[in-house]
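Asker: Chain residues, written in single-letter form:
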Amino acid sequence: DGGITQSPKYLFRKEGQNVTLSCEQNLNHDAMYWYRQDPGQGLRLIYYSQIVNDFQKGDIAEGYSVSREKKESFPLTVTSAQKNPTAFYLCASSSRTNSYEQYFGPGTRLTVT
Amino acid sequence: EDQVTQSPEALRLQEGESSSLNCSYTVSGLRGLFWYRQDPGKGPEFLFTLYSAGEEKEKERLKATLTKKESFLHITAPKPEDSATYLCAVRGLNDYKLSFGAGTTVTVRA
Chain A
1 DGGITQSPKY LFRKEGQNVT LSCEQNLNHD AMYWYRQDPG QGLRLIYYSQ
51 IVNDFQKGDI AEGYSVSREK KESFPLTVTS AQKNPTAFYL CASSSRTNSY
101 EQYFGPGTRL TVT
Chain B
114 EDQVTQSPEA LRLQEGESSS LNCSYTVSGL RGLFWYRQDP GKGPEFLFTL
164 YSAGEEKEKE RLKATLTKKE SFLHITAPKP EDSATYLCAV RGLNDYKLSF
214 GAGTTVTVRA
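Same order as they appear, the protein sequences are chains A and B.
Taking the numbering used here, the leading residue of the first sequence gets 1, the next gets one more, and so forth.
Taking the numbering used here, the leading residue of the second sequence gets 114, the next gets one more, and so forth.
By construction, these hints were calculated from the structure, which means they are not laboratory data.
Please note: incorrect hints may appear among the correct ones.
Unchecked claim - Capping the alpha-carbon separation at 16 Å, the derived lysine to aspartate or glutamate pairs in EDC-like fashion look like this:
# : chain 1 : residue 1 : chain 2 : residue 2
1 : B       : K210      : A       : D30
2 : A       : K57       : B       : D208
3 : B       : K210      : A       : E69
Claimed, not checked - Reference excerpt, derived from the structure (chain B facing chain A, CB under 7 Å, subset only):
# : residue
4 : P157
5 : F159
6 : T162
7 : A215
These figures come from a predicted structure and were not determined experimentally.
Cβ atoms here follow ideal geometry from the backbone N, Cα and C, with glycine treated the same way.
Looking at chain A on its own, in the form it has when it is part of the complex (with noise of 0.2 Å):
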């Protein structure tokens, strides 16, 4: 079955230490993004990639960074310098041909203490 994978689905990391999402997709799509969702709020664009090897800021990029080697995969990390890392965080893709429809992951809960 094709779809988008994302681990873990639960994540606890202490203040201070990096922490690295996982994403993985195999629909053949270019574009993957990264959203953050926090309760009452829509969903925030982090990180998007249209292509491999390319990649440019969201909405709210500060603290995070990406990488894009492979079309299937975009993991995300969350750095120490984000001041407010716990939040549900939701990876997606789409095709660049089909009106950019997004498809969204399961989703990772981060909880930072």
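Since chain A is already given, all that's left is putting chain B on it; use the hints.
Answerer: For chain B alone, kept in the frame of chain A given last:
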């Protein structure tokens, strides 16, 4: 900057009680308006894409419509399994990304 406002924030319905959710938007050249359903603790599930004013799409008890300034998601004779948060998003003319509203949480009681 693209903006999306959804109302109401929350909607409580009795099973069978039809209602509508609103999504108002401002965007520089609409390239698509998207509706998603999200269950608690899960990723959003794609429902519909609308492209131009007057367009309508249906799926089971859901029907989405679009005007030049807003979209409506009509829920006809809802069932408890329709309980979820419904998200609206838009894509502008020169954007590869989507701008999302905060969502409407629908609770349907049996």
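Asker: Take the hints in turn and mark each one as holding or not.
Answerer: Structure-based check of all given hints:
With a C-alpha separation of about 13 Å, the suggested pairing of B/K210 with A/D30 holds against the 16 Å cut-off. Among the hinted pairs, A/K57 with B/D208 is consistent with the structure: their alpha-carbon atoms are about 13 Å apart, no more than 16 Å. Between B/K210 and A/E69, the direct Cα distance comes to roughly 21 Å. Violation of the 16 Å bound is thereby established for this hinted pair. The interface hint given for B/P157 is met, as the beta carbon of that residue sits about 5 Å from the closest beta carbon of chain A, less than 7 Å.
At about 6 Å, the closest approach between the beta carbon of B/F159 and any beta carbon in chain A falls short of 7 Å, and the interface hint on this residue holds. Satisfaction of the interface hint for B/T162 is found here, the shortest Cβ-Cβ separation to chain A being roughly 6 Å, below the 7 Å cut-off. Hint status for B/A215 relative to chain A: holds, with the closest Cβ pair at about 5 Å, below 7 Å.
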